[in-house]
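Colleague: Listed below are the residues making up each chain.
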Amino acid sequence: MKAPDLVPVSLEVNGVRFEGDVEPRKTLADFLREELGFTGVNLGCEHGVCGACSVLLDGAVVRSCILLAVQADGCKITTIEGLAREEKLHPIQQAFLDHHALQCGFCTPGMVLAAVDLLKRSPHPTEIQIREALSGNLCMCTGYVNIVRAVSAAAERIQTAEKP
Amino acid sequence: MKSAQWKGRALHPREDRRFVTGRGLYLPNLSFPKMLHAAILRSIHPHARIVSIDVAEALKIPGVVCALTGEQARALSKPLRPLIPLPVETPYYCLAYEKVRYVGEPVVAVAAASRYLAEDALEKIRVEYEPLPAVVDPEAAMKPGAPLLFEPLETNILWHDCFTYGDVDGVFKQAAHVFSERFFIHRYSSTPLETFGCIASYDSSRRYLTLWTNDQRPGQAMPILAHSLGLFNTQIRFITADIGGGFGNKRKPPYLVLAALLSKLGGRPVQFIEDRRENLMGLVHACNGVMELEVAVGEAGRLLGVKVRDIADEGLNVLNPTVHSLLKLGNVTNCYEIGAVRFEGYSVMTNKCPSGANRGIGKPFMCLALERMLDNIARRLGRDRIELRRQNLVPPDKMPYTTPTGELIDSGNFPETLNKLLSLIGYESFREEQEKARSRGRWLGLGLALAIEPSTSNQSSYILTSGRRNASGAGEAAMVRVESDGSVQVVLGDVGSGQGHQTAAAQIVADELGVDFEAVQVSPYFDSLVSPWLYTTGNYSNKFAGTDVGAIQGAAKKVKEKLLSLAAYLLKALPEELELADGTVRSKKDPNIRKTLQELAQVAYRDLLLRHRAQSGHRRRAGPRRHGSWDRGSAVRGVRLR
Amino acid sequence: MKPASFHYYRARSLQEALDLLSGAAANGKLLAGGQSLIPLMNLRLARPEALIDLNSIPGLSYIRSEGNKIAIGALTRHREMEFSELLAKELPLLAEAIPQIGHPAIRNRGTLGGSLAHADPAAELPCVLTALDARMVAAGPDGERVIRAEDFFTGFYATALADHEILKEVRIPLDRHPAGWSFVEFARRHGDFALAEASVLLFADGAGDRCTSARVVIGGSVEKPVRVQDVEKLIQDEISIRTQASSLAHVLRRVEQLTETEIRSSIAGRENPDYLCHLTGVLARRALESAMERWRKA
Ligand SMILES: Cc1cc2nc3c(=O)[nH]c(=O)nc-3n(C[C@H](O)[C@H](O)[C@H](O)COP(=O)(O)OP(=O)(O)OC[C@H]3O[C@@H](n4cnc5c(N)ncnc54)[C@H](O)[C@@H]3O)c2cc1C
Ligand code: FES
Ligand code: FES
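Sequence order for the protein chains is X, S and D.
Going by the working numbering, 1094 is the number at position 71 of the first sequence; the sequence numbering is gapless.
Going by the working numbering, 689 is the number at position 23 of the second sequence; the sequence numbering is gapless.
Going by the working numbering, 476 is the number at position 132 of the third sequence; the sequence numbering is gapless.
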């Protein structure tokens, strides 16, 4: 087996720039977790099915387990760790707390980031839109009801906060 | 004024904050310098003899450190010890030895600098198999001449027993009707989003193993691990933190042994994390099974007795078989007053992946069969299915009620619960809706099943098969400590997967010690070096509310007594004249006569002579004095099974 | 579940990608959204020696109107198509199918070209684009060629693309605006690959009340998109906007039966063929029903 050639990448994660050489086969998820320590990127299935590894790539939610790190070259990435501002939680995170939208929490980072993507595109989502937007994020603990409630509450909160 | 009650308040689970910010303390998030990553080559046959294994090419890959075969595992460890006594020792190791017995069974494990390299190595390993006939149906596996999983056992039946409670033969003889039916249940697997994982770090200079894992049942895993590795409990430090879902799936001692052996061989910490494919093919399934059920019914529709013949297909579950069968004793009469029970159970091995304590553990099948049977009986007797059930429910005036098999139902108003259910689902109006829909060609159905969920009694199988009648199925331990600055630390034997146990523990302790909820730290870790623990320690069977809470409260009470006696000495009062509130111990009559917890703790930690005097000076206070240090109280709670 | 090693090439132009494909990376695979390829590689069901990443090639992602057709670049992501006003207006059938592809996160990455080249029989785009009579533009070492959708999908995960060709663009004719249209699918869970799917396009005469022709294409249950021509003919013969409810019901039933009959041979060999046949028939009927509904409303 030939030694794999390393590929230079440069990207921004949660507002901080990273530059380095990466083995091409390294998935973005493993790169974020192992090289950069963003372990909020959870791995549930490693083949694109569960959504636990979701991150925002230039603002759009994607699954980092089926993206190569080299493909993120030049991109801006947000992981769950980059959502809260210091002590202040993002309204969606806060709503997940308030509505008890989690149990073991393993799906939560992916759920929250998928909801960020949704609310950016549809600030007033219907329940059906919320369910469709989260359809690719599996939760094995909660049964989803509180998750949907939390997203809906977060949408309202963001709206009221933005009103002058 | 007494401080606020924390118990009973709906608080945000304090664990949630780390989960929503991506700071869960999950096993895969741990990493150590020079840590190796393991991968497992698995059997592609349901049953085959291993002719040869060649790992030479795999070891040539730079970064691949070591490989472990079943042969080596046998040399380095003892077989995994089953929880029930078996007539002969089964050569069941963390890796297949001589034979493979299910598709997905671990055959060779490798450790390498990354999981990528470890998987590369697997592709270079050559295993030659000689396929053997396989058996996947439990009834076929019971027949003479069936392929045997373990030849020395001379049978695939791991366990068979029959229990009779009450006058079974009598009630079946006098019954107006006897109904019988055969039921099947498929395998199922409640699958957590986080797969199983562990990191083993073996220090050969000390013969000491440190193990981080997301195993949800440390109390059981520890002894198995210690036995296999030939170590004492004191040579193993077993640590768990947040578990990304359990459902009974996170119980895999073979992987713990495997990682430990790899770490021993590789001389470095070794992480093994199942991938999803491995998890689905080799995880802890719930048994599939076959049940023959007979019900004796009296003239007026009274249920008189049940006979069960239950066959649980354990797959290759040599570790903890029988649970799927024996736990059915907990709900064999469900919520009905049925006076006589005969239960015959079989645990049968087949060439399928190991079953185990997956969600519900046999009880769902028991409930399904009996409830289905009741529908059939109602239909055949021309009775309304709800009325038939209502007639047979344990009546409220018989509470607490003990079932023939010895389950204690401590309270409940079952008829009222049924009424409430019917009104909640709008049973009557649904009937009308159903009629209307039917006239339009749409068929609507409404299934109905009542269920009782016995919990915290999961050791019945252990007790019945080991003969240790004084054992208890439920016990947990907790420790409460006031630090020298007056802050309060709680360590649980219990492990959690986000159910909010740490929050509940803080609520209980805050009330007991009269301190603020926020002032109580509850460790998210189970750490065998620090946590008090028992054989039953772990997270399963809804046992937190029934058992763990008692241990937490018990520990807090002991600390409270110590605080009272110290404060009484310092304030020149009697302990019963004092109360704990607002972070102080104070006089009930005059709250200005007080000592803060911090003041008391400083005495306890620093002024040792004073403390000694306080301890020996106040012997008038009620209750036994425990030995042990001043600053901690730990308690174990056990519930005895009859 | 980690991919095997490979060489990685980031192509900066289509020509560079073509050169690599017939040169240095001849045993390689093209990488577009990676939403099908990378899962297969993680499972090591695919282990290409090299990947040629198309994502940095400028000018392969666009949706534009070119007179009597719409041209979509191969690297256009599902998500861009989902939110395209042009597609919503001109190609409502396509616009109806796209939100049914996977989940938002998948659509944020997955591309038109990748989906078509991958030719998963359960994917939405092959079915819909066959109904729309799309033309695939393939670029090869010797220039470009255009392949009709019906000839493009040749079987289970198989297309007419040659090894060294790259799908560059898809052109969808706009010469006939449908009077009614519908795409329906059935999946076990929302966002899953479909067990079966049906696309229906109805075209009307000038006065707009007779159905002059129809295109009905089945996907999912079959190994490649299948036009059910007997059904198309039946619709053309029997349907007008004024078809009475009772005779429409009759036609719908026949559409269901005929679809089942026509696809039965293509379904043979699959698990639960009877169920799949039945399901497909039902979906064809429902698609026609909803296409009729739209026609009437328009
Ligand atoms: C969880 C999940 C659910 C999904 N659900 C659906 C669904 O419901 N419906 C559906 O249709 N799809 C679904 N997909 C697949 C998704 O739509 C993919 O995006 C799509 O099938 C492939 O597109 P891609 O751009 O990701 O291609 P890639 O994965 O990058 O490539 C796929 C194949 O096409 C080749 N290829 C790519 N681009 C070109 C080109 N321009 N020319 C020639 N060959 C090329 C590649 O070499 C590779 O062989 C799902 C995927 C996942 C992970
Ligand atoms: S881990 Fe990436 S989708 Fe499941
Ligand atoms: S909270 Fe456990 S998987 Fe969602």
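Derived by calculation from the structure, the hints in this document are not laboratory data.
Mixed in with the good hints there might be a few duds.
[As the list claims (entries may be wrong)] Okay, derived cross-link-like pairs now, SDA-like style, lysine to any residue, Cα gap no bigger than 25 Å in a straight line:
1) S/790 to X/1046
2) S/726 to D/394
3) S/930 to S/729
4) X/1143 to D/405
5) X/1099 to D/534
6) S/790 to D/587
7) S/726 to X/1046
8) X/1099 to D/353
9) S/700 to X/1042
10) X/1111 to S/684
11) S/765 to S/729
12) X/1099 to D/356
13) D/373 to X/1151
14) S/700 to X/1046
15) X/1143 to D/353
16) X/1099 to D/354
17) X/1099 to D/357
18) S/1086 to X/1099
19) X/1111 to S/765
20) X/1099 to D/587
21) D/433 to X/1042
22) S/726 to D/389
23) X/1143 to D/421
24) X/1099 to D/424
25) X/1099 to D/426
26) X/1143 to D/406
27) X/1099 to X/1043
28) D/433 to X/1123
29) X/1143 to D/443
30) S/700 to X/1149
31) X/1111 to S/1182
32) X/1143 to D/357
33) X/1111 to S/678
34) S/673 to X/1165
35) X/1099 to D/405
36) D/512 to D/597
37) X/1099 to D/389
None of these values were measured; they are calculated from a predicted model.
Colleague: For every hint, state whether the structure bears it out.
Modeller: Hints, one by one, checked against the model:
Taken as a hint, the residue 790 of chain S and residue 1046 of chain X pair is honoured in the structure, with Cα atoms around 21 Å apart against an allowance of 25 Å. Our distance criterion of 25 Å between C-alpha atoms is met by residue 726 of chain S and residue 394 of chain D, whose separation comes to about 23 Å. Only pairs whose Cα atoms come within 25 Å are accepted, and residue 930 of chain S paired with residue 729 of chain S is accepted, the gap being roughly 17 Å. Distance check on the hinted pair: residue 1143 of chain X and residue 405 of chain D sit about 23 Å apart at the alpha-carbon level, within 25 Å; holds.
Only pairs whose Cα atoms come within 25 Å are accepted, and residue 1099 of chain X paired with residue 534 of chain D is rejected, the gap being roughly 29 Å. Straight-line distance between C-alpha atoms of residue 790 of chain S and residue 587 of chain D comes to about 67 Å, which puts the hinted pair past the 25 Å bound. Between residue 726 of chain S and residue 1046 of chain X, the direct Cα distance comes to roughly 20 Å. Compliance with the 25 Å bound is thereby established for this hinted pair. For the given pair, residue 1099 of chain X sits about 21 Å from residue 353 of chain D by alpha-carbon distance, which is consistent with the 25 Å threshold.
For the hint linking residue 700 of chain S to residue 1042 of chain X, the alpha-carbon distance of about 23 Å falls within 25 Å, and the restraint holds. With a CA separation close to 13 Å, the supplied pair residue 1111 of chain X and residue 684 of chain S stays within the 25 Å bound. Restraint check for residue 765 of chain S and residue 729 of chain S: the C-alpha separation of about 29 Å exceeds 25 Å, so the hint is violated. Between residue 1099 of chain X and residue 356 of chain D the alpha-carbon distance is near 20 Å, which keeps this suggested pair within the 25 Å criterion.
Of the pairs offered as hints, the one joining residue 373 of chain D and residue 1151 of chain X is violated, with about 38 Å between alpha carbons and a cut-off of 25 Å exceeded. Note on residue 700 of chain S and residue 1046 of chain X: the hinted pairing holds, with a Cα-Cα distance of about 19 Å set against a maximum of 25 Å. Straight-line distance between C-alpha atoms of residue 1143 of chain X and residue 353 of chain D comes to about 34 Å, which puts the hinted pair past the 25 Å bound. Of the supplied pair hints, the one linking residue 1099 of chain X and residue 354 of chain D holds, its CA atoms being roughly 19 Å apart against a limit of 25 Å.
Between residue 1099 of chain X and residue 357 of chain D the alpha-carbon distance is near 23 Å, which keeps this suggested pair within the 25 Å criterion. Among the hinted pairs, residue 1086 of chain S with residue 1099 of chain X is inconsistent with the structure: their alpha-carbon atoms are about 54 Å apart, more than 25 Å. This hinted pair does not check out: residue 1111 of chain X and residue 765 of chain S have alpha carbons roughly 57 Å apart, beyond 25 Å. At roughly 56 Å between alpha-carbon atoms, residue 1099 of chain X and residue 587 of chain D are farther apart than 25 Å, so this suggested pair is violated.
A distance of roughly 44 Å separates the Cα atoms of residue 433 of chain D and residue 1042 of chain X; the hinted pair therefore is violated under the 25 Å criterion. Restraint check for residue 726 of chain S and residue 389 of chain D: the C-alpha separation of about 24 Å stays at or below 25 Å, so the hint holds. Taking the CA atoms of residue 1143 of chain X and residue 421 of chain D, the gap is about 18 Å. The hint holds against a cut of 25 Å. Our distance criterion of 25 Å between C-alpha atoms is met by residue 1099 of chain X and residue 424 of chain D, whose separation comes to about 19 Å.
Between residue 1099 of chain X and residue 426 of chain D the CA atoms are separated by roughly 23 Å; this keeps the pair inside 25 Å, and the hint holds. Taking the CA atoms of residue 1143 of chain X and residue 406 of chain D, the gap is near 23 Å; set against the 25 Å cutoff, the hint holds. For the given pair, residue 1099 of chain X sits about 15 Å from residue 1043 of chain X by alpha-carbon distance, which is consistent with the 25 Å threshold. With a CA separation close to 42 Å, the supplied pair residue 433 of chain D and residue 1123 of chain X exceeds the 25 Å bound.
A hinted pair counts as satisfied when its Cα atoms are at most 25 Å apart, and residue 1143 of chain X with residue 443 of chain D qualifies at roughly 17 Å. Distance check on the hinted pair: residue 700 of chain S and residue 1149 of chain X sit about 49 Å apart at the alpha-carbon level, beyond 25 Å; violated. Taken as a hint, the residue 1111 of chain X and residue 1182 of chain S pair is honoured in the structure, with Cα atoms around 23 Å apart against an allowance of 25 Å. Note on residue 1143 of chain X and residue 357 of chain D: the hinted pairing is violated, with a Cα-Cα distance of about 33 Å set against a maximum of 25 Å.
Between residue 1111 of chain X and residue 678 of chain S the CA atoms are separated by roughly 16 Å; this keeps the pair inside 25 Å, and the hint holds. Taking the CA atoms of residue 673 of chain S and residue 1165 of chain X, the gap is about 24 Å. The hint holds against a cut of 25 Å. With a C-alpha separation of about 20 Å, the suggested pair residue 1099 of chain X and residue 405 of chain D falls inside the 25 Å cut-off, and the hint holds. Of the supplied pair hints, the one linking residue 512 of chain D and residue 597 of chain D is violated, its CA atoms being roughly 41 Å apart against a limit of 25 Å.
Distance check on the hinted pair: residue 1099 of chain X and residue 389 of chain D sit about 31 Å apart at the alpha-carbon level, beyond 25 Å; violated.
The earlier numbered hints that this structure contradicts are 5, 6, 11, 13, 15, 18, 19, 20, 21, 28, 30, 32, 36 and 37.
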